[in-house]
Structure formats: structure tokens, C-alpha cells
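Undergrad: Each chain, written out:
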Amino acid sequence: MEKQTITIGLPRALLYYRYYALWRTFFQELGMEVAVSGPTDRDILERGTALAIDEACLSLKIYLGHVAALVGRCDYILVPRVSNFGRHRSMCTRFESTPDLVRSVFRNSGQEFLSYEVDEEQKKDEAAAFLELGRALGRSPKDVRRAYKLAKKAQAAHYKARVQKYEQQYRRSGLKVLIAAHSYVIEDPYMGRPVTDYLKRVGVIPLRADMVDRDGALKHSRELSSTCKWEISREILGGIAMHRGDVDGVILLSAFPCGPDAMVNELIARRVKGVPMLNLVLDSQSGTAGVETRLESFIDIIRFQEGKL
Amino acid sequence: MSEIKTRNVSFPRYAEYNCAFKYIVEQALGCKYVMPPALTKHTMELGTKYSPDFVCTPFKTMLGSMIEALEAGADTLLMTHGLCRLGYYGELLEQILRDLGYQFEFINLSEYDMSKKKEYIRIVRRFNPRVNYARFLVQFMEGLRMTEYVDEITCEYYKNCGFGPSDGQYRRAYQDFLTAMYTAQGRADVEAGYRAAKRALQSIPLSKPQRPLRVGIVGEFYTAMDAFSNLEVEQKLADMGVEVHRWMNVTNQFLRYGSGQKNLRVKVRDLCQYEMGPTSTANIWYARECAERGYDGLVHIKSAGCTPEIDVMPVLQNISADYKIPVLYLTYDAQTSDVGLMTRLEAFYDMIDMRKKVL
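Heads up: the protein sequence lines correspond to chains A and B, in order. So for the first sequence, the numbering used here puts the first residue at 3; every next one is plus one. So for the second sequence, the numbering used here puts the first residue at 448; every next one is plus one.
Think of the hints as simulated: they come from the structure by calculation, not from any bench. Idealized CB from N, CA, C, for every residue including glycine. Treat the hints loosely; a few may be bogus.
Pairwise CB distance ranges (calculated) [unchecked claim]:
{"#": "1", "chain 1": "A", "residue 1": "Lys221", "chain 2": "B", "residue 2": "Met561", "range": "18 to 24 Å"}
{"#": "2", "chain 1": "B", "residue 1": "Asn710", "chain 2": "A", "residue 2": "Glu122", "range": "53 to 59 Å"}
{"#": "3", "chain 1": "A", "residue 1": "Ala130", "chain 2": "B", "residue 2": "Glu638", "range": "46 to 52 Å"}
{"#": "4", "chain 1": "A", "residue 1": "Ala130", "chain 2": "B", "residue 2": "Arg582", "range": "42 to 48 Å"}
{"#": "5", "chain 1": "A", "residue 1": "Arg174", "chain 2": "B", "residue 2": "Glu518", "range": "23 to 29 Å"}
{"#": "6", "chain 1": "B", "residue 1": "Asn710", "chain 2": "A", "residue 2": "Lys162", "range": "43 to 49 Å"}
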């Protein structure tokens with residue numbers, strides 16, 4: 003008898019943008035299907051907003067909308083708990099709470115959720131977490147290890163290719179702006195995409211602070227902040243430290259009200275001098291006109307300063 | 448001869464724990480302690496003015512309190528580490544204060560790896576290189592004991608003060624206790640103050656009904672405990688004639704549960720599989736505990752933007768639905784007004800009072 007394929011749902015929000023190569027390969031190598039929710043749209047945002055606590059950040063609201071879009075469409079929805087990768091390498095506490103938060107919000111939906119836990123300060127690393135995850139899905143340790151190894155490789159290759167693409171952009175001529183944002187903000191079609199799209203449309207090259215060699219970025223982040231405790235913020239800080247000389251301006255792009263960004267962006271604004279900087283906080287507004295006005299004036303300022311206006 | 452100058456150390460105002468900070472700084476570390484002025488609207492204005500907009504409110508309160516401490520003569524500020532955004536308070540507070548032009552030494556525990564014991568010795572030596580370690584240990588433990596006494600008496604006070612005599616005797620006994628703690632110079636003072644308070648609180652006659660209204664307080668570690676920050680919500684509830692219970696305090700959170708709260712999580716496994724944030728397990732556990740004990744309501748207190756507490760709310764909503772226990776969710780920011788809070792508390796009180804009579 004043929005075994006029924008298991009479908010794993012991946013909400014296209016938050017950590018999806020960091021881990022999709024890893025997750026996809028891992029589950030596919032274990033012979034499972036992967037269902038990804040569609041790109042963020044108005045409907046997803048509205049569903050997520052209705053499900054979330056008012057004061058939650060825009061990113062979480064969007065995430066809950068994506069989970070809602072997957073409910074009933076797959077056997078399991080993957081909601082990991084990623085707490086930290088060691089000392090001063092934490093994630094926002096929201097990534098600690100998401101599995102239980104999602105289960106609480108959707109407890110009457112009948113949907114099953116799948117989780118794994120990365121908490122290296124409690125000696126739980128990613129490899130062990132995935133081994134446990136694969137075994138919980140009924141696969142042998144040998145298969146799981148192999149799948150994880152391949153997935154890790156795929157993720158590294160995918161990330162490296164993207165970093166290389168961005169590194170090449172630095173050599174292009176033209177106005178370059180470095181955007182400091184979490185991947186799930188800048189890549190989301192409803193949050194950061196309109197910003198990068200607009201910049202490209204007016205002939206500006208948008209670069210990403212977080213798209214750098216991660217180990218190098220973690221080291222360089224210490225030049226800007228010695229006690230920053232968030233992994234993603236440190237990657238961004240490191241990216242700024244490494245590339246601030248190569249760009250014409252910096253945009254601090256965050257989703258309202260991002261906890262780590264509220265503090266780290268303040269510190270960046272106080273410590274990174276000599277380069278034009280725009281602090282842009284994205285809310286769940288319906289149009290992009292307001293954002294475009296601010297970007298336009300920021301670009302004008304840069305061009306004016308450089309005598310090109 | 449090079450004289451090592453005695454430091455004037457300060458730590459921002461935090462509930463009624465500054466007496467213990469003072470005791471430890473003076474008796475254990477051999478430094479001087481600069482008591483920051485009591486928190487006022489002015490403190491909040493100062494803090495808000497120089498803080499980033501959407502940082503959590505305790506950051507603004509602490510910044511304001513640090514500015515006031517520096518102006519009161521402090522030359523050394525201490526900032527703690529922490530599991531949430533608190534762990535990044537130190538560096539940003541220092542940067543803002545330096546940008547304002549203040550000169551001081553900043554001891555930021557986030558710079559130390561607090562899982563290593565020898566780091567503690569480094570920290571102690573920074574306060575006072577000539578510290579007497581034997582004395583330090585004895586007096587430090589005494590400071591922790593003072594913290595436990597403060598928590599114990601505070602807990603007893605809010606449970607009963609709504610039923611004390613109308614001449615304010617009960618409140619006075621609590622104030623006398625705090626005064627004794629803030630002025631204690633040694634172990635004898637601490638013990639005497641504690642015993643006097645225990646005796647006083649127990650000897651004052653209470654007129655408590657057989658089944659008083661009982662409300663449990665859960666919430667964020669700073670705002671739920673700091674009476675100024677929560678606009679004295681516990682006193683206000685108690686004054687309406689309510690037994691106010693709060694588990695969350697330094698004793699329970701740190702002195703009894705040092706590393707993780709695995710034994711609390713046992714009972715809430717069905718509600719949350721993992722640790723959801725720094726105080727989440729305790730809050731979820733206590734909320735259910737109150738519900739199971741038949742309390743009449745819960746008040747959830749947090750500052751605006753407190754991520755872990757926002758994330759606990761869906762779980763509390765489920766507890767509320769399952770146990771039919773009303774929960775009042777309060778969010779405090781720098782602008783929250785006394786009047787608005789009072790209106791919400793009165794409505795909450797009327798509702799739980801009515802339910803009690805009907806059920």
C-alpha cells in the first residue's frame with residue numbers, strides 16, 4: 003500500500019525568509035510535500051490583524067494571517083521556537099513564544115502544528131532539534147541526518163549566492179542606499195518590497211545590510227555595539243560597519259513597533275555619523291504614497307549633498 | 448599615596464527594592480549609595496524626552512531616574528542584564544546619557560558573561576578593589592534577606608490593607624517598615640524592622656468579610672511591581688475592598704527560581720509547551736492558579752511595547768474563557784492617566800462584585 007504523503011505548511015513570513023531553503027530541502031528530502039502560503043496581500047494582513055493582539059508588531063500580524071491561510075490545507079504547519087544561538091546571539095523573544103502563541107490563537111481550528119526548538123544556551127542546537135523533528139515525523143535517524151545535512155548545504159549555497167549577488171552590486175556605479183532591515187520586513191511584498199521597488203524605479207541601487215557574510219558581520223557588529231544581543235540585529239550592525247563607506251545613504255527600515263529595532267536603530271542613529279540616514283517605520287497603512295514621499299525627499303537630500311541635483 | 452576614591456553608586460528606582468540596593472552597596476561593597484529621588488511626573492518627562500519613541504516604558508522611567516540620580520551626585524551607575532530588551536538597556540542608556548554630556552562610570556552587567564562565577568568577582572572589584580570578601584558575602588546575603596522581607600511584607604500588606612481600620616493604621620505600619628528598611632545599617636536593624644512590622648500588621652484588627660473579592664495580579668516584571676509605574680493599581684484595588692494577590696516579585700522570580708522555572712511549567716504544559724519569554728511561565732502558571740483557586744478576577748499589567756507580555760495575552764485569554772475568570776488588561780505608557788485607570792478599575796470592580804453576588 004502506498005504511504006500517504008505528509009504535507010508541511012510553511013507560513014511565508016518571519017523566519018521563512020531566513021530558512022526557506024533549509025526547510026524546503028529538509029522536508030522534501032524526507033519525502034514530504036511543502037505548502038507555502040501565498041505572498042502577503044491585503045486579505046492576509048486583515049486576517050492576521052483580526053487574530054493578533056492590537057499591540058503586536060506588524061510582522062506578527064502578517065505571520066498570523068499566513069498561518070490562517072494555511073489552516074486546513076496541510077497536515078502540519080511548521081512554527082519553530084528559535085530562542086538563541088548562544089550568548090549575545092538571541093532572537094527577539096517573539097520567536098520564543100510563536101509556537102505557543104500560534105497554538106493558543108488557533109486552538110479551536112483542529113489544525114496540527116509542528117515545532118522544533120533551538121536554544122543553545124540550554125544546550126539545544128539546531129542539528130539536535132531537526133533530528134528530533136524528523137523522528138517525530140516517523141523517519142529514521144539516518145534519513146533525518148542525511149536530509150538535514152543536505153538541507154544545511156542547500157541553505158548555505160543559497161545564501162552564499164545571494165550574498166555574492168549583493169556584493170557585485172557594490173561595484174556598480176550609481177546612487178547606492180544600504181537598507182538595514184530584518185529579512186522578513188524587506189522581502190515582504192506588503193512591507194519592504196514597495197520600498198525597494200520604488201528605489202529601483204528612481205534609479206537607486208538598494209543594498210541590504212543583512213546580506214553579508216554572517217560570521218564576519220557578527221564580528222564587525224562589535225565595532226558599533228558591544229553588547230547587542232540579537233542575532234539578526236548584529237548581522238545588520240555588522241553589515242553597516244562593513245559597508246557604510248561604500249554607500250551614499252542608509253535607510254533604517256522597521257515594522258511598527260519592532261522591539262529590537264526600536265533600540266538598535268536609535269543606537270545606529272547615534273553612532274553612525276557622516277552618512278545620510280532615514281528612519282522609516284512601516285505601519286499597516288493601505289497606500290505607499292506616504293512612504294514614497296519620504297523616500298523621494300531622502301534621495302533628493304543625498305543628490306543635493308553630492309551636488310547632483 | 449594614591450587614595451582610592453569611594454564611589455557614589457546609584458541604580459534607578461525600582462518598586463521598593465532600592466532599600467536593598469542601598470544596603471548592599473553600602474554594607475557589602477563599601478561604597479556610598481545615592482538614592483535617586485522618588486519617581487514623579489518629572490522623571491517620566493525627562494525619560495520620555497530623550498528615549499526612542501517605541502521602546503518599552505521602563506526604559507524611559509529608568510533613563511529619567513538615572514538622570515535624576517546623576518544630578519543628585521551619583522558618579523557610578525549600575526545597569527542589569529536581562530532576557531528581553533532589558534538586556535540591551537545598558538548600552539543604549541549609557542549612550543544617551545553620554546550624548547547628553549553627563550560624566551560617570553557605567554557598570555553594565557550585559558558586558559559580563561553572568562553564567563561564569565569569576566565574572567562576579569570582577570564586577571565586585573570594579574565597585575571597590577579593596578572589598579573585604581568575607582564581609583561582602585555576609586552583607587550581600589543580608590541584603591537578599593531584606594529583599595525577601597520586603598516582598599513578604601508587601602504581599603501581606605496588599606492582601607489585607609483594604610480591610611484595615613479607617614484611620615490608616617495599617618498603611619502606616621507598612622510605611623514604618625519601609626522606613627526601617629531604607630535606614631537599616633546592619634543585620635540587627637533589618638531583623639528588628641521586619642519583626643516589628645510582622646507584629647504590627649498582625650495586631651491591627653481587620654474587618655474582612657467571610658468571602659472577600661480576590662484579584663490576582665500578573666504581568667511584566669517592572670510595571671506590575673512598581674507602584675509609581677502602575678499608578679498604584681494594587682492600592683486602588685485594595686481600597687475598593689479587594690484582596691490583592693501578586694506572586695511576581697524578586698523573591699519568587701529570582702531567589703527561589705534561579706535558573707528557569709521547570710517546576711512551574713509542569714502544571715501549564717497543556718497551555719504552553721515552551722518557555723514563552725522571561726516571565727511568561729510564571730504568569731501563565733499563576734493566572735491558572737488564581738483561576739483554580741476561585742479568585743474573582745485577574746489584572747494583567749504591562750508597559751506599552753512589552754513583547755513577552757503581549758505574547759502571553761492569547762494564553763491568558765484562553766484561561767479566561769476556560770475558567771470563566773474576568774481579566775482586565777492594562778497597558779501603561781508614559782501618558783497613562785490616573786483618571787482613565789480609575790474608571791476602568793471601578794467598572795472592573797462593579798463587574799466582579801456583581802458576578803460574585805450572582806454566582
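Undergrad: Each hint needs a verdict: does it hold in this structure or not?
TA: The hints, checked one at a time:
1. A:Lys221 / B:Met561: 18 to 24 Å: 22 Å Cβ-Cβ, so the 18 to 24 Å window holds.
2. B:Asn710 / A:Glu122: 53 to 59 Å: violated, 23 Å
3. A:Ala130 / B:Glu638: 46 to 52 Å: With a Cβ separation near 49 Å, A:Ala130 and B:Glu638 satisfy 46 to 52 Å, so the hint holds.
4. A:Ala130 / B:Arg582: 42 to 48 Å: Given range 42 to 48 Å: holds, Cβ gap about 45 Å.
5. A:Arg174 / B:Glu518: 23 to 29 Å: With a Cβ separation near 52 Å, A:Arg174 and B:Glu518 fall outside 23 to 29 Å, so the hint is violated.
6. B:Asn710 / A:Lys162: 43 to 49 Å: holds, 45 Å
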